[in-house]
Amino acid sequence: MPTALIIAFWLWVAGLALALARASRAARWVIAVGAGAGIWGAAIALPQGGSATTLPIALADQVVRLRYAPEGLWLLGFGLLPAGLAVALSTPIRGARPVWVAGAALSLIGALGVFGLQDTYSFLIAWELMSIGSAALILSERTTVQAGRCTLYMLALLEAGAIGILLALLLLARSVGGSVDFAGYTVAGDALSSGGRIAVGLLALFGFGAKLGLLPFYEWFPGSYGNGSGASGAILSGVVLNAAFFGLARLLTDWLAGGSGAFGLGVLITAVGVVTSILAALYAFQQDDWRRLLAFSSAENAAIAVTCLGASLLFRADGLSALAGLAWTVAVLHLSGHALAKGGMFICADGVFASSGSYRLAQRGWLRTASMALAVGALFAAMSLAAMPPQIGFVTEWFTFQTVFQGFHLATIGGRLTLALAGAGLALTAAVAFATFIKAFGIGLLGDEHEPAHPRVGWGYEIAVLVLGVAILTTAVGLPVWLHGLGMASLAQFGVDAPKAMASGWILVPLTDTFAFISPSLLAIVMPLLAVLPLLLLANGRRYAVRRARVWYGGMREDPRRSSTTSLTFSNAMRTFYSFIYRPTLDTAREHRATNYFIRKLEVEHDVADVFGPILFTPLRRAVWRFAGWLRALQSGDLNLYLGLIGGLLVIILALTLG
Amino acid sequence: MSESPEATGSAMSPQHLHTSGFAARVQGEDVALADLEQRCRTAVSSGARTQFVYAWYPGRLEDPELRYVLHPRSGQPPQVWRCRPGAESPPSLAAIAPLLSWYEREITDLCGIRFRNEPQPLPHVLLPGARFERPPLLPGPAPRLIYTPDDLDLPEISGPRAADVQLLPFGPIRAGVLESAQFKFFYIGEAILHYHPQLFFKHRGMEKRFEGVLPSLGAVLAERVSGVGSVAHALAYCQAVEAAAECIVPRRAAWLRVLLAELERLYNHLHYLGHLSHTTTLKVGEAQGLYLEELAKQINCIATGSRLLRGLLTPGGLRREPRLTEIAPLLRRLGKELEPYTAMLESTTSHLDRLISTGELARQLAFDQGATGPVERASGVDRDCRRDQPYGAYPELSLRVALRKSCDAHARQQVRIDEIGYSIELINRVLEGLPAGSLRVKCEPPPDSEGLGWTESPRGTLYYAVHLDSERALARVKIKSPSFSNWRVFAYTVHDSNMMDYAINEASFGLTVAGCDR
Amino acid sequence: MPHKMTPFWTLYGLRHGKATVPWPRGASIAPGAEEDAACGQIGFLGMPRFDPDRCQEGCRECAEACLPAAISIAPPASAERVKVDYGRCVVCQMCIESCPTGAFTPSADWAFAVRRREDLLWARAALSEDGVALRRGIRRVFGRSLHVRHVDAGSCNGCESELQALGNPYYNLHRLGVFFTPSPRFADLLLVTGPVTYAMHGPLKEAYEALPEPRFVMAVGTCAVSGGTNGGGYACGNGLEGVLPVDVYLPGCPPNPPAIIHALLMLLDRMPQRVRAGRQAES
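Chains as they are written, first to last, in this note's numbering: chain A, 1 to 659; chain B, 1001 to 1518; chain C, 2001 to 2283.
Treat the hints with care, since some could be wrong.
Said to hold, decoys possible - Quick list of the computed label-pair ranges, beta carbon to beta carbon:
#, chain 1, residue 1, chain 2, residue 2, range
1, A, Arg562, B, Gln1364, 32 to 40 Å
2, B, Asp1035, C, Pro2106, 32 to 40 Å
3, A, Ala431, B, Glu1337, 41 to 49 Å
4, A, Leu529, C, Pro2272, 24 to 32 Å
Since the hints were derived computationally from the structure, they do not count as laboratory data. Model, not experiment: these values are computed from the prediction. C-beta atoms are modelled at their ideal positions from N, C-alpha and C, and glycine is treated no differently.
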């Protein structure tokens, strides 16, 4: 295990202690430095991965070992950069800081465990730590009254998911003779029947999906994220999301590799991934709150990675190891780029909130007063999430398409059809995501206002966003080099060094350069050159002095603020077109004078309906409440009843021990 | 066309012929201020429809008189209530007869009379921020207007999501060659929540321009109130002056006036079809509609020397003989082209899909708010003052009135298509049976006389009320234009509709701004 | 309604053939009846012609019948007793009917576009041509094409009716390279109608401000030139006088489509100015 990771762990523990001692400022910096150490540790351990370390503790006779796989280190490293910056900046809600910083430390410690622990028990403990840490982040902030309810709801769903994970891991353990050590699970796939494999796969999909925001869980995402700060979002969408994906990917590709049932599982996972990505993208587009929009988008990106994972399973089921390796590498790359870009946008949102007190996406012309740092950083992050060249989001999206397009290599028509449909679904997702980030950047940051009514975004946020923006571009431009970091991992899992075949010099190719190619490295050079032409034309065209006229409103001097595009008007056309999904409502109540013909006032209410809320979550929640209502009878407050219960219990215990 | 013109002529009773006498055909009575609301309530509940209200200053004094013009029932002559508010504030009748609200507010703007309990007591004909030193319609020189633009009166938007509603200001200089008017939309992407047409950018004070003009020259001015309604305006004006003079127009002139009025309807309706096709992006349909309009205008030019049919109408008859011999073959050619064109419009699904159920105007709304002309006839209100309050030679020329009941843009197109056919029938009937005789009689209204004239213009019922002073010059002319009525109704069909249908809906109403703004 | 097949409009259009008149391409046509027939203006009554030699001393009939005061009687010492300003004429023909001696006669003169306002005042001696070279450079800047932003500053809709007619297949203005644009931001010419009401004064100025340079202004219709019958009063100005600098004046009530085409092409130096000192050169 890399020493730097050990340092990171102890720094986080120290941070946790400091936070609990209410020294939150010191704690922030200690944790942030720890994140830096973590990134360093992850980077130097690649591409081999860390060696195994046995900890001097045991859980139920099971020795606790730590070992970091290369892909784990990769995902951890990319997740820690936004997380470290987020902790350094901390939540903008000052009163919440001590608890929040403690929550962040817990989340990071948990994530470190999830990536490295090698047995069922300790893994689940780390998983729980991560969940509790996440809940602490959001609960501490309490930006709205409903925050508590939403977060507890999130915790409840995550617990249900944890049970799914536990069951899946126990089923695997049973198949290899009861050992809960992950080392044994690599052969579990072969020991399980095809039904068993699908059951384990489904349980894992349910368990990890709760955290990744897969169908139907993407609906809780904005409920909880939307009540926290951007800093919480940067941690949850980065390192925590990556950890959950790592857990799912390891289970599916390492432990359930090959054998019958893999094809069916692959189809199922691809389908879940694609449908989630479409729905999450569509709902992200409709949000007018920074955090809710970004949260839906996180679910969408996780779902794209899961789709690649599904494709990887399909290729592997057909014995196409190279393509399986490609798909798997693309999934890992996608989430790493996403962590950077999403972190950047979340920190932007915090900057906006710290200045204006609101997370609403509204035209306030932030970039008019901000420095170039924020402009460049936010632009790169938004470009990446909108999949615009040459950013990393574009590269991974392109690779995603190249992967599913190669579905024609599959033997069965079913497999080909699955990936062809997945391609179509991802295309829709990409288009909607593009519009979503045009909206987020255009309305949220670019939107104009004559006199800025708020102080400019703080410099700390600007620098953090710039760091992430530069990281996004660097990752994309240098990808032909960085790719080698995943080579060993691919070799170990698929027997093929897929990442090596994904770069040909400075050109990126989907294994073969006869199919397609791009080069973010060259684009980064060529694209600025393209700007020279219009600049020359502009310089040449100045025959008349520049005269500025007002915005043309048909001859009137209107207030541009009143008539500027609102977040809703931008997205309403889609709301109308996809009304069968959104089921939008628009209610207009009118107040009148004298008769109905003289309108004095309009009251407007509009919304979109959730897909799973009414058919799944609401009945479930009601059922839980009803059940809780019955249980309340046990707490009647009647002393005689309690005595009766205790008596009954004693009888049962006696019967059990004596019998 | 079965009857010969001679037979038609002889069948008419002489008092119906070519007169529009105020005394004979309009019932006037004085109504006390206190009785006004009760009278209005009774009249409305008995099915009467208020037409308009205006104020004038009898004897050029500062004591105004209100004139309410009503239609008791179809087929009966209009009623006029005279009411002197004196120093008192007259009651607003808008809660009883909603369409009066705009007229009352106009009186407030231009005569300074405030109405009690006005539901929307805001400037109407004047833009917000415009005011006068003294009411401009008060006899005497026009006062100076002081104008510092101010915000429009728009309903308040409330609710937690109020900030999501976008305001779209459109105009007054709009895309294309269009008349100036500003439209404000409260909308969410496609959905229009509220629509406010801010008209009266073109308010020129035309009614005041008539003041002091000789009645014989007034027609020149009336022709220039609304260019595409030149004949209708001049004719209503002439009939009002003729009513004041109790003058009977020669039969030949009356017939030729029908010809002019129907030629005007023809080119207007053809323009309407071209423009409506433009909004549904039916390109060839648009081109053909505008081409046929051009042919109609060229026919106008040959007949009268003016493509807008100006310069012929005058109180007492016509100023000169139109050239009719050359237009008959051209009209035949036009008629031949029309038949397949309108049939194709009526069977083009892409066109009809955009019209059917667009801009629905319920019958009750059409009646309450005073929709007029093809607009009301498309909503099942069977009114046409050529038939209901006959004037000129219409009683002699059996007239068909188009009527549809589906209330939508398609119904409005159908009514106009039918009217094109009926107009051509009328024109042919005039050309075939035109009586010989003189064109003009002397028409000199006595001092302090008054008259009410009306026509069914291509856009609906148009009224001119004319008052002369003691020197036989015009003291007050009130114009009630059909577009003023239809613009008021139109807004109610836009609330809760969508942007894609807006242009089609507006085109289907066939509105003019000049006539409304005056 | 009987169920019918959706008609094939393209075929219908093709079957009708070309509806556009060649005018003004047949440039040899001189003003007169032949040209009127060539551009669809048979029977059109234009500005009345004035012959002061037929005028009767002391007679005021025409001036009294002239509502827009285009005809006025000058003070006794003036060179011309009757002053005629075609920039105020609304073509109502009342002067012709009122004149007892035939000093005003009907004409078909419609191509009344001029570059200088003075050319609309009747005068015995025609002005020299110096004003014509005013904007010779325009061809170099615009080539033969022109983009027009129309502003209705309170017209009666008569001018709009004729401006809209320019787009119909008969005149087909696009063939001449002239286009109406939705926004002033990409227009070369501001084409104004109406007497400029108080409410349109601001928007008109705003539109002129929004026009990129080089920019031109054309007053179309008598209202825009001088106010005509509708100008003045409590709500109107007197056309573009004192509001914007005008490059071409085109009186008429309304000017017919060929007159507007002539004015547009005159601005582009593609057609010559026909009227000087209140009358067409040939007359």
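Open item on the list: Against the range 32 to 40 Å, how does the distance between the Cβ atoms of A:Arg562 and B:Gln1364 compare: consistent or not?
Closed with: 34 Å, holds
Open item on the list: Does the beta carbon distance between A:Ala431 and B:Glu1337 stay inside 41 to 49 Å, or does it fall outside?
Closed with: 47 Å, holds
TODO: Take the C-beta atom of B:Asp1035 and the C-beta atom of C:Pro2106, compute their distance, and say whether it sits inside 32 to 40 Å.
DONE: 56 Å, violated
- [ ] Could you check the hint for me, namely that A:Leu529 and C:Pro2272 are 24 to 32 Å apart, CB to CB?
- [x] 51 Å, violated
In this structure, the earlier hints numbered 2 and 4 are contradicted, and the remaining ones agree with it.
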